[in-house]
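Chains as they are written, first to last, in this note's numbering: chain P, 1 to 80; chain D, 1 to 437.
Mixed in with the good hints there might be a few duds.
[Claimed, not checked] Only pairs whose alpha carbons sit at most 25 Å apart, straight line, appear in this in silico SDA-like list of lysine to any residue:
(1) Lys-37(P) with Ala-390(D)
(2) Lys-27(P) with Pro-401(D)
(3) Lys-359(D) with Ala-230(D)
(4) Lys-374(D) with Asp-12(P)
(5) Lys-70(P) with Val-73(D)
(6) Lys-39(P) with Ala-394(D)
(7) Lys-66(D) with Gly-71(P)
(8) Lys-66(D) with Ala-333(D)
(9) Lys-23(P) with Phe-74(D)
(10) Lys-39(P) with Lys-241(D)
(11) Lys-3(P) with Ser-145(D)
(12) Lys-374(D) with Leu-33(P)
(13) Lys-23(P) with Glu-200(D)
(14) Lys-68(P) with Asn-262(D)
(15) Lys-27(P) with Arg-376(D)
(16) Lys-72(P) with Glu-35(D)
(17) Lys-72(P) with Met-90(D)
(18) Lys-72(P) with Thr-395(D)
(19) Lys-72(P) with Gln-148(D)
(20) Lys-241(D) with Glu-89(D)
(21) Lys-70(P) with Gln-41(D)
(22) Lys-66(D) with Ser-61(P)
(23) Lys-384(D) with Tyr-30(P)
(24) Lys-359(D) with Gln-386(D)
(25) Lys-72(P) with Glu-151(D)
(26) Lys-68(P) with Gly-68(D)
For the record, the hints were derived by calculation from the structure and aren't laboratory data.
Now for the letters of each chain:
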Amino acid sequence: MDKDAARKIIVDGLTKKLKTKSKFYLKDFYKMLPDEKNKDIKNLVNLMVREEILEYWSSGSTTMIGLKGKGKQAAAEDEN
Amino acid sequence: MAKHETPLLDQLESGPWPSFVSDLKQEAASRAKNEKGVEFQTPVDAVEDLLGVLELSYKHGRTHWKHGGIVGVFGYGGGVIGRYCDQPEMFPGVAHFHTMRISQPAGKYYTTEYLKQLCDLWEFRGSGITNMHGSTGDIIFIGTSTPQLEEIFYELTHTFNQDLGGSGSNLRTPSDCIGSSRCEYACYDTQAICHELTNEYQDELHRPAFPYKFKFKFDGCPNCCVASIARSDMSFIGTWKDDIRIDQEAVKAYVAGEIPSNAGAHAGRDWGPFDIQKEVVGLCPTGCMRYEGGKLEINTPECTRCMHCINVMPRALRIGNDRGLSILVGAKAPILDGAQMGSLLVPFIKVEEPYDEIKAVIESIWDWWMEEGKNRERLGELIKRQGFQALLTATGIKAVPQHVIEPRSNPYIFWKEDEVEGGWERDVTEYRKYHQR
Chain P
1 MDKDAARKII VDGLTKKLKT KSKFYLKDFY KMLPDEKNKD IKNLVNLMVR
51 EEILEYWSSG STTMIGLKGK GKQAAAEDEN
Chain D
1 MAKHETPLLD QLESGPWPSF VSDLKQEAAS RAKNEKGVEF QTPVDAVEDL
51 LGVLELSYKH GRTHWKHGGI VGVFGYGGGV IGRYCDQPEM FPGVAHFHTM
101 RISQPAGKYY TTEYLKQLCD LWEFRGSGIT NMHGSTGDII FIGTSTPQLE
151 EIFYELTHTF NQDLGGSGSN LRTPSDCIGS SRCEYACYDT QAICHELTNE
201 YQDELHRPAF PYKFKFKFDG CPNCCVASIA RSDMSFIGTW KDDIRIDQEA
251 VKAYVAGEIP SNAGAHAGRD WGPFDIQKEV VGLCPTGCMR YEGGKLEINT
301 PECTRCMHCI NVMPRALRIG NDRGLSILVG AKAPILDGAQ MGSLLVPFIK
351 VEEPYDEIKA VIESIWDWWM EEGKNRERLG ELIKRQGFQA LLTATGIKAV
401 PQHVIEPRSN PYIFWKEDEV EGGWERDVTE YRKYHQR
């Protein structure tokens, strides 16, 4: 699958779930593209972060990934 | 006059040990005075507020920190950990108080000048509070705000040639002992391999690839000064295959009391004369030593390289010459499934640049763990869940006796169906002809 099609599947998949969830584990992305190699998906997800389509959220021990600008944002993270 | 009353913290200063509370108060006073005229980019009273929020946490018996966040530097998925205080009005100086992990140099060697420069940067752009070093080994900068992160990162990388460390679901900053730079026990060059693998796996260090954290640690010998066997998913421990080298004249000198045992480490008290039988031979865990007629003998096949005899008599006994390392896997602290020590995977491997054989083991483990590991499941937990045999299959390593922890308690070497004639299926009717229900 070409990268643009994979990008679209990821963005659509995350957008669809936005109502209930804004941060995802890397493994959730593997499920969106079952025919692709996990390593390729990992590289694509990290590329999409550099392209500012996605962003990381980290607890310090675990990293989650979401659509950039969606869910609670850095400026509001100190709010309850 | 302190900004906040801290009677509970003050009490912590009354013990015999150096107190972090005293350190924090010293830093708070230094920032208030600001003798160097620093233009602080983090509130000047951040340390006062840190003391205040800590006092409040002791009073309430609960934390007032919120965990995690979107903070980070561009393109990096690790190295910065978001921290916010849930009492920002009471403690505005620590309302946004993120942690940065700075990758420690191999063996933690640096010049005092470099440390001063790092501290000056942190005084300017952060709270001035550091943790030297965090559990993973990184230099920890505690407390700054989001706008300062990129500034600090730019300065670190461009002026100090210094990278951030790992955090989150990344490879964590690889950590090693001082190795052959200063230690005669080192069986391989820990700093060389630590440096090489840090460079090789930059992507894994900075961009999340794994179900959870992953740690490498390199110990030059089984004394395990970095405690890799207890703390790292992959532990590389120096070892040797041939005989411990014995200098019989030096052994006699120890016995005669001419050389102090343990390099004089127990000199603070009179323990009586050195007793080689009691203190060395009798404490050998495998009973592979004997001292008779003024001669020390070691039965090498029985020796487990525990290091005890070498530690007691370092001038008489030295590590062997056929050196390499053992790889152990799966150690972890007790977050999900209880603490675990590492299990031996590769009993002996030569340590030769460019370390291709070692990299092949690492990468096969990662492939398996990335495929099979659940979210937030450490390698040790996956091994426990699927069995050590699954790890052996994934890495293509043949089961060997060293994989068995002790006779008759081995939980993980099983026959596979294709190794057994007829497989697991059987004809029940045929079976019942010979066996009643």
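Hints, one by one, checked against the model:
Using a Cα cut-off of 25 Å, the hinted pair Lys-37(P) and Ala-390(D) holds, with the two alpha carbons roughly 20 Å apart. Proximity of Lys-27(P) to Pro-401(D) is assessed by CA-CA distance (about 35 Å); at most 25 Å being required, the pair is judged violated. Pair hint Lys-359(D) plus Ala-230(D) holds up; C-alpha atoms about 21 Å apart against a cutoff of 25 Å. For the given pair, Lys-374(D) sits about 24 Å from Asp-12(P) by alpha-carbon distance, which is consistent with the 25 Å threshold.
Using a Cα cut-off of 25 Å, the hinted pair Lys-70(P) and Val-73(D) holds, with the two alpha carbons roughly 18 Å apart. For the proposed pair Lys-39(P) and Ala-394(D), the alpha carbon gap of about 16 Å is at most 25 Å, so the pair holds. With a C-alpha separation of about 17 Å, the suggested pairing of Lys-66(D) with Gly-71(P) holds against the 25 Å cut-off. Between Lys-66(D) and Ala-333(D) the alpha-carbon distance is near 22 Å, which keeps this suggested pair within the 25 Å criterion.
For the hint linking Lys-23(P) to Phe-74(D), the alpha-carbon distance of about 18 Å falls within 25 Å, and the restraint holds. Distance check on the hinted pair: Lys-39(P) and Lys-241(D) sit about 37 Å apart at the alpha-carbon level, beyond 25 Å; violated. The hinted pair formed by Lys-3(P) and Ser-145(D) fails the criterion: a straight-line CA distance of about 35 Å is larger than 25 Å. At roughly 17 Å between alpha-carbon atoms, Lys-374(D) and Leu-33(P) fall within 25 Å of each other, so this suggested pair holds.
About 29 Å separates the Cα atoms of Lys-23(P) and Glu-200(D), which puts this hinted pair outside 25 Å; it is violated. Note on Lys-68(P) and Asn-262(D): the hinted pairing is violated, with a Cα-Cα distance of about 58 Å set against a maximum of 25 Å. As the CA atoms of Lys-27(P) and Arg-376(D) are separated by approximately 10 Å, the hinted pair is consistent with the 25 Å bound. A hinted pair counts as satisfied when its Cα atoms are at most 25 Å apart, and Lys-72(P) with Glu-35(D) does not qualify at roughly 40 Å.
At most 25 Å may separate the alpha-carbon atoms for a hinted pair to count; Lys-72(P) and Met-90(D) meet this at roughly 23 Å. Between Lys-72(P) and Thr-395(D) the CA atoms are separated by roughly 41 Å; this puts the pair beyond 25 Å, and the hint is violated. Restraint check for Lys-72(P) and Gln-148(D): the C-alpha separation of about 20 Å stays at or below 25 Å, so the hint holds. Our distance criterion of 25 Å between C-alpha atoms is broken by Lys-241(D) and Glu-89(D), whose separation comes to about 63 Å.
The suggested pairing of Lys-70(P) with Gln-41(D) is violated, with an alpha-carbon distance near 29 Å, which exceeds 25 Å. Of the pairs offered as hints, the one joining Lys-66(D) and Ser-61(P) holds, with about 14 Å between alpha carbons and a cut-off of 25 Å not exceeded. Distance check on the hinted pair: Lys-384(D) and Tyr-30(P) sit about 23 Å apart at the alpha-carbon level, within 25 Å; holds. Proximity of Lys-359(D) to Gln-386(D) is assessed by CA-CA distance (about 23 Å); at most 25 Å being required, the pair is judged to hold.
For the hint pairing Lys-72(P) with Glu-151(D), the CA-to-CA distance comes to about 24 Å; that is within 25 Å, so the pair holds. Annotation: proposed proximity of Lys-68(P) to Gly-68(D) holds, straight-line Cα distance about 16 Å (limit 25 Å).
In this structure, the earlier hints numbered 2, 10, 11, 13, 14, 16, 18, 20 and 21 are contradicted, and the remaining ones agree with it.
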